[in-house]
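Respectively, the protein sequence lines represent chains A and B.
Sequence positions in the first sequence follow the working numbering and run 1 to 479.
Sequence positions in the second sequence follow the working numbering and run 480 to 562.
Bear in mind the hints are in silico, worked out from the structure with no lab data behind them.
Errors might be hidden in some of the hints.
Said to hold, decoys possible - Ranges between beta-carbon positions, derived for each pair:
1) B:Pro502 with A:Asp327: 36 to 46 angstroms
2) A:Gly308 with B:Arg543: 54 to 64 angstroms
3) B:Ala518 with A:Gly308: 47 to 57 angstroms
4) A:Arg237 with B:Gly511: 28 to 38 angstroms
5) A:Pro389 with B:Ala524: 30 to 40 angstroms
6) B:Pro535 with A:Ser409: 41 to 51 angstroms
7) A:Gln61 with B:Asp487: 45 to 55 angstroms
8) B:Asp487 with A:Arg70: 43 to 53 angstroms
9) B:Glu503 with A:Arg451: 21 to 31 angstroms
10) B:Pro502 with A:Glu404: 44 to 54 angstroms
11) B:Glu506 with A:Gly442: 25 to 35 angstroms
Ideal Cβ positions, reconstructed from N, Cα and C, are used throughout, including at glycine.
Here's the letter readout for the chains.
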Amino acid sequence: MSHAHARDEYRRDQYRGDQYRGDQDRGDKDRGDQDPDDRDPDDRRRRTGAGVTPRLTMDWQRADRAATLREHSARFGPLRANAARRGNRDLLDQIAAAGLTGRGGASFPTAKKMRAVAAGRGPAVVVANGMESEPASEKDQALLARAPHLVLDGISVAATAVGAAEAHLCLSRTRGWLVDSVLAAIAEREQAGADRIGVAVHELPHHYVSSEETALVHWLNGGEAKPTSTPPRPFERGVGKRPTLVDNVETLAHVALIARYGAAWFREAGTGGGAGTMLTTVAGAVSRPGVYEVEAGTSVGDVLELAGLRERSEAVLIGGYFGTWHDLEVIADLPFTAAGLRPAGGSPGAGVLFALPAGTCGLAEAARIMRYLASQGAQQCGPCIFGLPAIADDLAQLAAGRPEGDPLSRMQRRFGVISGRGACRHPDGAVRMAASAIRTFGADAHAHARRRPCLAAHRGRQQTALLPVPRPFAEGDWR
Amino acid sequence: MKLNLQIDPIACTGHGLCADLLPELIELDEWGYPIIGGAVPPDLAAHARRAVNACPALALRLVRTPDQLAARHALAASETRGG
Numbered sequence: 001m002s003h004a005h006a007r008d009e010y011r012r013d014q015y016r017g018d019q020y021r022g023d024q025d026r027g028d029k030d031r032g033d034q035d036p037d038d039r040d041p042d043d044r045r046r047r048t049g050a051g052v053t054p055r056l057t058m059d060w061q062r063a064d065r066a067a068t069l070r071e072h073s074a075r076f077g078p079l080r081a082n083a084a085r086r087g088n089r090d091l092l093d094q095i096a097a098a099g100l101t102g103r104g105g106a107s108f109p110t111a112k113k114m115r116a117v118a119a120g121r122g123p124a125v126v127v128a129n130g131m132e133s134e135p136a137s138e139k140d141q142a143l144l145a146r147a148p149h150l151v152l153d154g155i156s157v158a159a160t161a162v163g164a165a166e167a168h169l170c171l172s173r174t175r176g177w178l179v180d181s182v183l184a185a186i187a188e189r190e191q192a193g194a195d196r197i198g199v200a201v202h203e204l205p206h207h208y209v210s211s212e213e214t215a216l217v218h219w220l221n222g223g224e225a226k227p228t229s230t231p232p233r234p235f236e237r238g239v240g241k242r243p244t245l246v247d248n249v250e251t252l253a254h255v256a257l258i259a260r261y262g263a264a265w266f267r268e269a270g271t272g273g274g275a276g277t278m279l280t281t282v283a284g285a286v287s288r289p290g291v292y293e294v295e296a297g298t299s300v301g302d303v304l305e306l307a308g309l310r311e312r313s314e315a316v317l318i319g320g321y322f323g324t325w326h327d328l329e330v331i332a333d334l335p336f337t338a339a340g341l342r343p344a345g346g347s348p349g350a351g352v353l354f355a356l357p358a359g360t361c362g363l364a365e366a367a368r369i370m371r372y373l374a375s376q377g378a379q380q381c382g383p384c385i386f387g388l389p390a391i392a393d394d395l396a397q398l399a400a401g402r403p404e405g406d407p408l409s410r411m412q413r414r415f416g417v418i419s420g421r422g423a424c425r426h427p428d429g430a431v432r433m434a435a436s437a438i439r440t441f442g443a444d445a446h447a448h449a450r451r452r453p454c455l456a457a458h459r460g461r462q463q464t465a466l467l468p469v470p471r472p473f474a475e476g477d478w479r
Numbered sequence: 480m481k482l483n484l485q486i487d488p489i490a491c492t493g494h495g496l497c498a499d500l501l502p503e504l505i506e507l508d509e510w511g512y513p514i515i516g517g518a519v520p521p522d523l524a525a526h527a528r529r530a531v532n533a534c535p536a537l538a539l540r541l542v543r544t545p546d547q548l549a550a551r552h553a554l555a556a557s558e559t560r561g562g
């Protein structure tokens, strides 16, 4: 596609809508004046309307704080008292029949993972992943801030389903306000005697790769929050060498509702091959950026419309920083699910949709993301340590229209050799994002390579910096 | 049963001895880290073993992958970020 070189009507401050507190504000590295991560996101407004299906987000728009245990029970009814006694087989069957898939990025069938953990030797461990290190995603923070008891119910149900005697919830160390809020919810439950096993809350260092499941396990075992070589995967040998279920917090919240209402109810929502609902974070060229709960399988275009898509957007980043860029026209009618996006080479990832405003440079955005991802590796594996900065340099030269040699063919060669050669999928995700930018902004890439960058790229970084790039977490602090 | 070379990418520090000893199956990328080109044919097994033993970082391994492990590997391969 070719982005418009016309004057840009888009203003950066519109992106920082009042729904975007937390990490989004931290995006501007040049404004190091405050730490918005430590503020309560009081004014995150949630919306209802056509296309929105409030399940996890039920009643969010009427509350500006976390639901108390009493409010939570009134809203969803009690977690069936016999759910624990019904035994794990029935729970696993329900979760399997529901067709629930992981909401952390991999879209893996949740029941299959739970069964693998349940089949392991000895008591299992449940780890809830609430790290949300994806800078473009807000949904997990929003969920934990508004409906912590859904997540905590989900942990309790999952522990029963896989036979766990121990449960952990991992949060980012940079989000003190969220940790406090979740701890208050846990205190309520302890007082009410709501859970068979306690949940230990942990504050982990905040790096992009620290939310990878082996990184959580390694940290919980006393190591650094860096991914480790596999196998063994956590489901085989994880925390304390026990079979360990690592699930995203949204996934667990869905588990809590399936345990209450069953698989058939879960599937009452879902269209275009999707099952249930999903949380999405929508940003960019939309008038109402924020977190939306939609039926799984809703088309990309419909999700963007929900947030008030501006007409003049031609490209979209789906999934997050490990995601892919696409022509909006090509992808608008596809379901926002793993199966629906596969033909286009995309994935819903963590549920992120970013519509690139017209008149801005997609290559410049991709270059900034790539630089960030290159800086966020665990510095463990050669292909990632050297390969990602090399691609980030290539992409930066291209974006600036100041190529040295032939950055396009250098990148194509490097894309081919870097993927699949790290201990975790960090290099794979970064390469996928960069390669998709070259595909989607192909005409621009060739113009930039001939030293004819677009006006947007000329206008400099401030004008084109749209996606948040967090300030690096204390360098070297992995423990 | 297949014989495969595996690299522990965290342990590997890019000495490059493996590519010297087994150029048929291992080449180095532009930064000196090995890229493995497929399963080890029987006639190269002895050379592969030599390359494994020579790795100063103990990062190279020779593994047999029987078919019953395929399902487990498929599960592991499809998991990434704690889905």
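Now the hints, each set against the structure:
Range check, B:Pro502 to A:Asp327: Cβ separation about 43 angstroms, and the 36 to 46 angstroms hint holds. A hinted range of 54 to 64 angstroms holds for the C-beta pair A:Gly308 and B:Arg543, which are about 57 angstroms apart. For B:Ala518 and A:Gly308, the Cβ-Cβ distance of about 53 angstroms falls inside the hinted range of 47 to 57 angstroms, so the restraint holds. A hinted range of 28 to 38 angstroms holds for the C-beta pair A:Arg237 and B:Gly511, which are about 32 angstroms apart.
A C-beta distance of roughly 37 angstroms is found between A:Pro389 and B:Ala524, which places it inside the suggested range of 30 to 40 angstroms. At roughly 34 angstroms, the beta-carbon separation of B:Pro535 and A:Ser409 lies outside the given 41 to 51 angstroms, and the hint is violated. The hint said 45 to 55 angstroms for the Cβ distance between A:Gln61 and B:Asp487, and at roughly 50 angstroms that hint holds. The supplied range of 43 to 53 angstroms is met by B:Asp487 and A:Arg70, whose beta-carbon atoms lie about 51 angstroms from each other.
Here the CB-CB span from B:Glu503 to A:Arg451 is close to 43 angstroms, at odds with the stated 21 to 31 angstroms. At roughly 31 angstroms, the beta-carbon separation of B:Pro502 and A:Glu404 lies outside the given 44 to 54 angstroms, and the hint is violated. Distance hint check for B:Glu506 and A:Gly442: the Cβ-Cβ separation is about 29 angstroms, which falls inside the suggested range of 25 to 35 angstroms.
Going through the hint list in order, the structure does not satisfy hints 6, 9 and 10.
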